[in-house]
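Number of protein chains: 2
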Amino acid sequence: MRAAGLFYIIVLEDSMYVVILAGGSGTRFWPLSRKLHPKQLMSVFGGKSMLQRTVERVVPLNPKRILVVTNHLQAEETRRQLEYLRGVRVEVIEEPLGRNTAPAICLAATLIAQHDPEAVMAVLPADHYIRDEEAFSATVLRAREAARNGYLVTLGIAPDRPETGYGYIEADTELRGDGPYPVRRFVEKPDRERALEFLSAGNFYWNSGMFLWRADVILDRIAVHMPELAKAFSGIAFSPDIWEPADLAPQVEAVYAMIEGESIDYGVMEKAEDVVVIPAAFGWSDVGSWSALPEVMDQDAAGNVVIGSREAVITDAAGCIAYGGEKLVALVGVSDLIVVDTPDALLVCARERAQEVKKVVEELEKRGLKRYL
Amino acid sequence: MRAAGLFYIIVLEDSMYVVILAGGSGTRFWPLSRKLHPKQLMSVFGGKSMLQRTVERVVPLNPKRILVVTNHLQAEETRRQLEYLRGVRVEVIEEPLGRNTAPAICLAATLIAQHDPEAVMAVLPADHYIRDEEAFSATVLRAREAARNGYLVTLGIAPDRPETGYGYIEADTELRGDGPYPVRRFVEKPDRERALEFLSAGNFYWNSGMFLWRADVILDRIAVHMPELAKAFSGIAFSPDIWEPADLAPQVEAVYAMIEGESIDYGVMEKAEDVVVIPAAFGWSDVGSWSALPEVMDQDAAGNVVIGSREAVITDAAGCIAYGGEKLVALVGVSDLIVVDTPDALLVCARERAQEVKKVVEELEKRGLKRYL
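As you go down the protein sequences, you meet chains A and B in turn. Note that our numbering gives residue 56 to position 56 of the first sequence, counting from 1, and the numbers run on in steps of one. Note that our numbering gives residue 348 to position 348 of the second sequence, counting from 1, and the numbers run on in steps of one.
Here chain A stands alone, though its shape is the one from the complex:
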């Protein structure tokens, strides 16, 4: 399943469940990402999709089972992309519609708890970039120890720049050497001045959205801090030996009709006790938009990133991100552009305005041009 020549030989007596959150419907990678083909199902870097990379990344952890939580719209393509993983126990769990992370995590924890209440579950977004997979595995295994002891564990990324696009976690780093550290608070995306403060303070970490905890522990905290969510899920009757989502679908649909969307960060993590952060240094990016790609991909000397194209002619261009599919891409005298070419749509966007790509999607929706969504 790995590329030939790379072997992981890790035998773990007490492994865990891995829950991959793959229900995102982000529009910031339009026109490559579409409603039915969002970022996690995209081959952002060429080759395998971000979901496929995420699943492959956790296989060396020898998980008891991998649960990929997605929504109804994307379930078919999600299953198709995972078909090649023979011999890996992957379940695709279908939400009737996206309701942010808390319901998805509650659903997965409820399922896991039916089989193995005290099992540790690692919650991982399907659409993040991780450079150093061995460091990632080592960090997850450290986090598993803390989770097994009843903590809610977050993986915190040591910041290397005053990033204003991520939430931060303030850790109490006074006592312990290299963590896990008790979490003082979660901080929303800061402005630049505060981001600079956090960077120099040394005890702030980026909130990666990667968590580990025992299934029974997170369900208990959901019951305390999100009682309506817990109540909605409490009525589900499981056939204990069956993971198949078909049996669950009508019940899950009824539950989702009752609940509101909420993030696990806001719903639980910011309020709960016994939250700890483990510093992670494995080269991470949430790849939040086209403009994030130069962080995680090879650039030429002038900072250009060309993705997918076999050939490129770059004449006095700098800081450009070009996705040309199979095409030859030629850039002449331009700088800091995002250029994305797909079979039916072509985007050219100033790099500093990558966030506005979603406005294009909104405009297309307004005009009723659904075929481009």
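Rather than coming from a laboratory, the hints here were simulated on the basis of the structure. All figures in this text were calculated on a predicted structure; none of them were measured in a lab. Glycine included, each C-beta is placed from N, C-alpha and C at the ideal position. Hints may be right or wrong, so weigh each one.
Claimed, not checked - Derived coverage of chain B by chain A (criterion: at least 3 residues anywhere in the stretch with Cβ under 8 Å from a Cβ of chain A; other residues may be distant): (1) 302-315; (2) 329-341; (3) 354-360; (4) 363-373.
Position chain B against the provided structure of chain A, taking the given hints into account.
Structure of chain B alone, referenced to chain A:
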């Protein structure tokens, strides 16, 4: 043959021959233009190609015959594009290879002189834009009168800006009202300062490369000023009733093996006497590169020109020229760009550097990437 609703009813007792120079292999419209599909065969404006527009434009002049001179490489596509013109006497004359305008004109004049030595021939580039077709016809008919009297007539475009991309013609405008004016001299592309002088002087015209003369007169001047060219052509034996190029091909090939490339401007016009210019005001552009398109096409309020695409989403973009084929084109926060998308190549170029597109073509040649040429 014209679009329905447009009829020209012009009956001319003494008509002329029209010679359309269609052998250009310009690379400045790459990636839309290719070696086998140069600008004159392109649908730059959507719809018909520039060659087709040029041929249709002269049909109302009721020419005795239209000679389209092209080269061997492009002959097949040229013939294909003219097939739909039933009932119009068009001959495609094939040069074995491009040798600039003087040989092409000499070839056409030699052919015409075999049939009708004193016939006036109008020489027109196949890849120019002309907005006002009625004014064009009227100007050509005025020029025909002067040509019939033995003058070498050029159509001079009254400049409306200090263009540095065109050659200029200085006219002696002191005596006659609206021309034809005697030509004092031809001036190469000027720098901006001189272009400003020419513009304010009032007696300078852009050299459009459109000429009218009698076949016997231009052959005589070629004999005087380009004796080697005249000599090379002198041996051709014609079957007088046959225009078919197949009969000519081996003889023409032998001639072209002997001659050098030269423009008629440099070879004859700059040296000859009895050269006159007729001011032309029919909305003209040689559409020399992508950056010329806004001169000749509809723009939005911010100066953007989108060609071909059915849909465009333009968010805070200005001065951009986008050719997206059938695709949706989205521009966000960018300005003064040329964006050209074709099935196998994508170009993004600063508008002020449109001339450097040919450098891309040179680079592709150097790398041996012939499939993109």
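Verification of the hints:
1. With 3 residues carrying a beta carbon less than 8 Å from a beta carbon of chain A, the segment 302-315 of chain B meets the three-residue requirement, and the given coverage holds.
2. Coverage of a stretch by a chain is defined here by at least three residues with a beta carbon nearer than 8 Å to that chain's beta carbons; for the segment 329-341 of chain B and chain A the count is 9, and the condition holds.
3. Counting residues of the segment 354-360 of chain B whose CB lies closer than 8 Å to any CB of chain A gives 4, so the stated coverage by that chain holds, three being the minimum.
4. Coverage of the segment 363-373 of chain B by chain A holds in this model, with 5 residues showing a Cβ closer than 8 Å to a Cβ of that chain against a need of three.
In summary, this structure violates none of the numbered hints.
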